[in-house]
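Asker: Chains as they are written, first to last, in the working numbering: chain X, 1 to 229; chain G, 1001 to 1271.
Hints were generated in silico from the structure; no laboratory data involved.
Check the hints yourself; a few may be wrong.
[To be verified] In silico lysine-lysine, BS3-like type, Cα no more than 25 Å apart, as pairs:
1. X:K228 to G:K1121
2. G:K1092 to G:K1148
3. G:K1121 to G:K1092
4. G:K1034 to X:K228
5. G:K1267 to G:K1257
6. G:K1139 to G:K1092
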Amino acid sequence: MNDYLSGLGALLQQYDVLGAFWTNIQLTFWGALIALALGTLLALMRISPIASLRWAGATYVSVFRNTPLTIIMTFMVMGVWTALQIQLADNFEDNFFRLAVVGLAVYHAAFVCEAIRSGVNTVPLGQAEAARAIGLSFLPAARLIILPQAFRGATAPLGNTLIALLKNSTVAAAASVSWETSSTMKTMIEFNPNYLWEIFAVFAIGYVILVIPIGLLTTWLSQRLAVKR
Amino acid sequence: MDQSTSTTGQPAADNTVDAPTSDRALGAPLVELKSVNKHFGALHVLQDIDLTVRKGEVLVVIGPSGSGKSTLCRAINRLETIDDGTITVDGKTLPEEGKALAQLRAEVGMVFQSFNLFAHKTVLDNVTLGPRKVRGLSKKDAEEQARKLLDRVGVGNQAGKMPAQLSGGQQQRVAIARALAMQPKVMLFDEPTSALDPEMVNEVLDAMVALAQEGMTMIVVTHEMGFARKAADRVVFMADGQIVEEAQPEEFFTAPKSERARDFLSKILTH
């Protein structure tokens, strides 16, 4: 029994499990930030009065929402970096990390866009009409009246997208970010198959600990921020 | 503006103000509709509408639901597009879109049936938003003007509240202040009292009567005959997308010429 425990302890010390989780948190943070900006832009395009912009926004969403993330991540390395020779950092690791962030962002932006659009649907049409009636054109009306209310209405679906993004950040393994959690877990299991269940449990529990607060926070926020009508 | 006394003999119920009705000196044409047509699918909702509203005139549009009166009102600031015909405001044809349209809308105040106050902003912010963002007023000037307007419609003490904390009548008066803050040339009212509880109707109508007396040009879609009698210069009766009858309020309510108007009035009067 003592051997078992000390063996597990040594294993957890040998591999940087916390560092691996930290990598996924960083991937999630930057991915979410860019996805939020891009998704907001896409949502604006999709509700804009200009037909070609609406079409472009809808096409983006259809393409990226329906492409598996693994394929996007692999493309970031094989297509963007290897074939197109686009390098996002001189440092090897930073380069892969940033490619993975971009892959996560362009994929999740499609979901962010749709979450915001669902928020726009919570804003009564009369709000936009009143904004137009006092002389605001599309962009000011969107910025001052529609989006602030839409974001409040979209808190819960945006939270769901963030949770998905955190878990999907493990697909960064496909973009050669080999020091993130799922890659670390695989390596650990490969060399220590006798601790298979324990290693699984460590990573699964780690994600549960990260995800549950996000869910609680967004549920609380969505109630707190709800626009009273 | 001519403030001479009313020439109509019959005062409306609980009349607090003696408003001029028919003999005000009216200015040049301000809003002009010429052969305006609009379809909703197969429904011909506006049929060859010709209508001129002069500066300082208070026009009441009345008619059964589905007659096109709200569409007419909304078309004047292009919240509804029209299929053909022209609409001009102060000599300028309504622009189709973009900055020019936004500028024109700033000159045309609109009050909606469902108030449509910006739900995430305080009463004061609702009234200052347009002047600040469209007219470029400073925060201080905009707030000063807003407080005056809120006082004028009797909700000055609600400035810090959110719209949802106000009664319907208070919200609608804030909406009137918000529209006035843009210093519009004409005010459109699209059934402003239809969504209100009965005891709140009068406080909104009083604000509108006061506005009419100050010489504001107003186009009011309403069934409130008390208001029409008190403040309107002219009543336009619409049915099935057409203007069926135009008359001075007293004449219209006591001796409607068309069968359609008689039928409509008998339905809303005999309760």
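Asker: Given the hint that K1121 (chain G) pairs with K1092 (chain G), test it: the Cα-Cα distance must not exceed 25 Å.
Answerer: 33 Å, violated
Asker: Checking one constraint from the list: CA of K228 (chain X) to CA of K1121 (chain G), max 25 Å. Satisfied?
Answerer: It holds: about 11 Å lies between the C-alpha atoms, which stays within 25 Å.
Asker: Mind checking the alpha carbons of K1034 (chain G) and K228 (chain X) for me, to see if they're no more than 25 Å apart?
Answerer: At roughly 42 Å apart (the allowed maximum being 25 Å), K228 (chain X) and K1034 (chain G) break the hint.
Asker: For the pair supplied as a hint, K1092 (chain G) and K1148 (chain G), confirm whether the alpha-carbon distance does not exceed 25 Å.
Answerer: 30 Å, violated
Asker: Is the Cα-Cα distance between K1139 (chain G) and K1092 (chain G) 25 Å or less?
Answerer: 30 Å, violated
Asker: Hint check: K1267 (chain G) vs K1257 (chain G), CA-CA at most 25 Å. Holds or violated?
Answerer: 16 Å, holds
Checked against the numbered hints given earlier, this structure breaks hints 2, 3, 4, 6; the rest are met.
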